[in-house]
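Engineer: Using the sequences and the accompanying hints, generate a full structural model.
As you go down the protein sequences, you meet chains A and B in turn. Residues in the first sequence are numbered consecutively from 34, following this note's numbering. Residues in the second sequence are numbered consecutively from 4, following this note's numbering.
Hints are computed from structural coordinates only; laboratory data are not their basis. Keep in mind that the hints are not guaranteed to be accurate.
SDA-like mimics (lysine to any residue), calculated; alpha carbons at most 20 Å apart, straight line [what the hints assert, rightly or not]: (1) A:160 to B:392; (2) A:114 to B:491; (3) A:157 to B:491; (4) A:61 to B:454; (5) A:509 to A:423; (6) A:61 to B:392.
Selected chain A positions facing chain B (in silico; Cβ < 10 Å) [claimed, not checked]: (7) 114; (8) 116; (9) 119; (10) 156; (11) 198; (12) 206; (13) 209; (14) 232; (15) 424; (16) 535.
Nothing here was measured: the structure is a model prediction, and the numbers come from that model. Every residue gets a Cβ at the ideal spot worked out from N, C-alpha and C, and that includes glycine.
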Amino acid sequence: MSFLGFGILSWATFLPIIGMVLVLLLPKENKSAIRWSAAFFTALQVILAGIIYINFNRGMSGINTQEGFQFVEKATWIDIKSVAWFGRIHIDYFMGIDGLSVLMVILTAIISFIAVFASWGIVKSIKGYFALLLLLDTGMMGVFVSLDFFLFYVFWEIMLLPMYFLIGVWGGPRREYAAIKFFLYTLFGSVLILLAMLALYFSVSVIDPATGEKFHTFNMLAMMNPNNFDPGSILSGLNTSWRYLAFIGLFIGFAIKVPIFPFHTWLPDAHVEAPTAISVILAGVLLKMGTYGLLRVSFPMFPDATLYYQIPLAILGFINIVYGALVAMAQTDFKKLIAYSSISHMGVVVLGMAALNTQGLTGAVFQMFNHGTITAMLFLIVGVIYDRAHTRGLNDFGGLMNQMPKYSGVMVIAFFAALGLPGLSGFISEAFSFLGAFQSFKAITIASTLGIVLTAAYMLWTLQRVFLGTLPDKWKSLPDINGRELFTLVPLAIIVIFLGIYPSPAIDLMTSAVNTLVNVVNQNGGMTLP
Amino acid sequence: MMLEQILNSVKLLYPETTLAVTFCLLILTDLISRKRSNGTALIAPLGLFITAYFVVQQISTGANSIFSNMLAVDSFSIYFKFVILVSAIIVVIFSMQFAELTRGKRSVAEYYALLIALTLGLFLMVGSTNLLMMYLSLELSSISSYILAGYTKEADDSSEASLKYIIYGAVSSGMMLYGISILYGLTGAVDIYGINNALMLTEVNAVTLMIAGILIVVGFGYKISAVPFHFWTPDVYEGAPITITAFLSVASKAAGFAMMIRFFKVAFMNPAVGNLAFGSWATFRGFDWNLILAVLSVLTMTIGNLVAVWQNNLKRLLAYSSIAHAGYMLMGIVVLSNEGIAAILIYFVVYLFMNLGAFYIVMIVANKTGSEDINAYKGLGYRAPLLGVAMTIFLLSLTGIPPTAGFVGKLYIFAALINAKWFWLAIVGVLNSVVSLYYYVRILRNMFLRDPDSSVQPFQISVSQIIIVLMLVVPTILLGLYFGPLVEYAQASVTMFGIH
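Structural biologist: Following this line, the structure appears as structure tokens:
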């Protein structure tokens with residue numbers, strides 16, 4: 034499937050860049066043209082995501098074989114001939130998706146599109162804003178479709194700069210602090226990923242079928258095959274301390290993005306200061322990159338270390354769930370509360386992943402998608418009220434249910450989805466995650482279910498404080514949600530309700546990839562080398 | 004025989020000869036013409052282009068040693084000559100736009116003449132294979148730099164810079180000379196091949212050899228501003244005219260590195276140990292040069308980065324940043340392998356564009372506002388979007404974030420370290436990059452996150468300035484996206500005369 038010689042994944046990834054160039058060329062006075070061209074290019078991306086969804090072959094496994102991937106594009110990017118003392122350097126432009134990434138691609142497209150509409154009210158230099166937003170979109174999409182580690186890393190890093198500016202220029206009062214904290218934390222994580230990537234590069238080599246020459250490679254799939262590791266290289270063998278160290282390096286890099294306790298402190302700051310649309314992207318897509326990275330890189334490349342650290346990983350998931358929920362309960366700032374609830378919900382993903390069985394991983398991947406849609410809704414809801422009242426204090430409000438009925442209706446769906454009410458999508462993914470985790474570690478899972486109770490508690494308490502009770506006089510004139518805001522919320526609400534009632538369209542996409550991943554980790558991690 | 008050899012040698016000395024002729028021409032025209040204009044200055048770029056032509060001619064000549072092992076003309080030196088030439092040409096272009104330079108009644112041709120003399124010194128440095136030649140070329144480049152650093156003599160800090168530079172320079176070159184004499188006493192040779200031979204054949208006192216080596220390293224360390232020989236750098240970089248600071252930070256450093264690498268590799272490599280076919284080598288017994296250099300590089304990058312965090316003067320900040328970059332590059336020598344050397348070569352090309360780019364923006368802002376303070380950059384991104392974006396790209400590249408060229412430079416350095424299993428050093432290196440982000444972002448923050456003071460005028464930039472900025476931005480991005488040819492050329496250029 035290609036157009037003008039480029040495959041659909043290239044188009045999905047680089048369309049926003051084309052949009053960015055267009056936005057930069059438009060005159061700065063023509064604000065609506067800038068907004069609409071950003072909307073147009075993200076809409077095209079959504080259409081491409083739809084085409085991908087329709088044509089996606091549910092039976093193909095993915096994970097560690099190129100044959101299992103779909104919409105594959107592979108071309109040589111950099112090829113440096115070997116010299117006497119240094120081997121050939123080969124970097125591919127290698128893209129493809131499987132059951133792990135397809136939902137993330139769809140999520141990225143939807144969230145970016147919605148973020149553009151959520152940004153309609155931006156006033157300050159909107160040209161720069163939309164250009165950076167589109168650049169961010171490219172970075173996110175690129176991460177989910179890259180299968181070459183080098184390419185993956187480039188996209189991973191491309192996101193940092195637009196995010197820094199989007200928080201730093203258009204954010205709240207403490208935006209400078211939040212933006213630099215985000216930048217430093219994530220850069221710290223990515224340099225560790227870089228070192229692990231280089232160690233993997235020098236440990237793995239493949240044979241060029243054309244010339245018979247053996248060379249190192251950045252190909253992620255080659256790194257997943259234990260037979261490709263050169264004997265005597267730094268990461269060869271199984272269960273060596275170097276492998277554990279490399280795993281930890283990668284883990285910290287990805288954990289900062291998730292964020293997993295204790296690397297989470299940047300998140301509340303970033304969320305509170307970021308403008309609404311950026312919070313939506315941050316929670317909706319960016320956090321997923323961490324867990325996606327763990328599933329795409331750490332698990333299949335270091336199956337032995339994954340099994341070795343299975344219990345610690347589950348404990349970290351438990352801490353995220355309970356700690357996030359407890360801290361959320363103590364918040365009086367609406368946005369900060371959602372930020373901490375995000376940490377709690379990402380803990381469910383980590384717990385489900387750590388289970389290393391089909392149910393757990395299915396739950397985890399599905400939860401990544403559901404958290405993306407639900408938390409995006411929650412941040413949009415906060416944005417709606419903040420735009421009107423210019424405060425986010427939970428105790429400043431009350432009785433909004435009567436004042437803003439339509440708004441409250443959408444809010445109820447999002448809140449109940451977040452606390453895991455059956456019939457909404459969050460319930461299914463959480464149930465799967467806990468079900469899977471329970472098979473692997475009973476005590477931790479039982480303890481983690483405490484998080485569900487806590488979540489219900491703070492969500493309902495928030496609902497009560499903001500929407501029930503008596504309406505303070507100063508909010509008597511608050512207008513209800515407008516059409517544009519509804520337009521951003523309703524599609525997400527539909528997805529949340531639909532997948533809550535009938536989750537198969539999403540789960541079918543990932544089943545075979547998840548099964549393969551479980552097999553790869555359990556077999557390769559437990560195997561004894563000759 | 005002798006005459007034939009000299010004639011052959013002269014042929015390989017055309018680039019240096021051209022530089023010398025250009026130098027003389029500049030001085031002569033300055034004497035004859037009474038006009039104080041940029042017109043005479045045009046001789047400088049012309050001479051540099053002719054030099055470039057002769058350097059290109061040398062590519063095909065293979066590895067040669069000329070004037071009985073005084074100078075080597077090999078792909079290693081040619082590579083560095085290109086780096087020096089390109090930065091010299093760029094700096095000459097900068098200088099023509101530099102307001103501070105033409106202020107007051109000063110003959111500008113003299114400035115260009117000295118710049119050419121400095122370039123000549125650097126050319127000789129990268130090729131020297133003889134301790135005396137090394138010392139002389141070092142002095143030639145140093146003396147030109149002393150004068151250039153103090154060139155705008157009505158500025159107090161410029162004179163101060165020059166004086167500090169001379170004092171530090173004199174002490175360190177004195178120490179280097181002392182080291183050279185000890186080494187000569189030990190081995191009875193002044194050319195580095197002879198020294199290597201002597202070390203191989205005879206047992207010398209390891210402690211004395213160590214002392215001689217350390218003393219010589221002081222000389223190199225001063226040239227590349229490695230900690231703890233860096234104290235002159237911030238003051239000189241801050242006080243000297245911006246163009247000279249830019250040139251010193253790139254070309255002078257490159258020549259220092261070239262000389263240092265050649266000296267270590269040729270003189271101290273033990274051909275009996277190591278695996279030259281695989282591009283790695285070992286030094287003489289008990290001679291842990293790599294460990295000493297590792298400590299030196301850790302100190303250099305850490306102190307450079309940590310002190311840079313506190314700087315508010317952009318020239319000073321970039322001075323500390325350039326110290327930190329010397330630290331990153333030193334890591335390439337630590338691994339004692341061709342891979343590390345190739346990484347340094349790659350780094351220098353990358354560093355050339357991004358560092359000169361950053362200095363150019365500083366110069367434009369200084370021309371306009373008369374200030375190098377970080378507060379002058381408030382809202383620059385809105386007053387002059389092109390400058391803001393270009394500066395952002397240069398700073399990201401200096402941090403080493405893809406897809407900029409700086410990432411490729413760092414990638415190769417770290418790859419060499421990982422491949423040679425120097426993990427702790429690699430970790431120190433990447434953590435240093437994170438620290439460096441903080442102070443580079445301080446500039447970004449002023450440019451974009453803060454609004455300009457209401458009093459400042461909008462910022463007009465000329466077409467020629469836009470062209471120069473683009474000339475530096477485009478390679479910075481392009482080399483980050485497609486670095487194949489650069490890496491290939493760098494890998495082919497690690498060959499030195501006399502080492503196979």
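Engineer: Hint by hint, note whether the structure agrees.
Structural biologist: Now the hints, each set against the structure:
no.: 1; hint: A:160 to B:392; result: holds, 14 Å
no.: 2; hint: A:114 to B:491; result: holds, 8 Å
no.: 3; hint: A:157 to B:491; result: violated, 46 Å
no.: 4; hint: A:61 to B:454; result: holds, 18 Å
no.: 5; hint: A:509 to A:423; result: holds, 15 Å
no.: 6; hint: A:61 to B:392; result: holds, 16 Å
no.: 7; hint: 114; result: holds, 7 Å
no.: 8; hint: 116; result: holds, 5 Å
no.: 9; hint: 119; result: holds, 6 Å
no.: 10; hint: 156; result: violated, 14 Å
no.: 11; hint: 198; result: holds, 6 Å
no.: 12; hint: 206; result: violated, 12 Å
no.: 13; hint: 209; result: holds, 6 Å
no.: 14; hint: 232; result: holds, 6 Å
no.: 15; hint: 424; result: violated, 24 Å
no.: 16; hint: 535; result: violated, 42 Å
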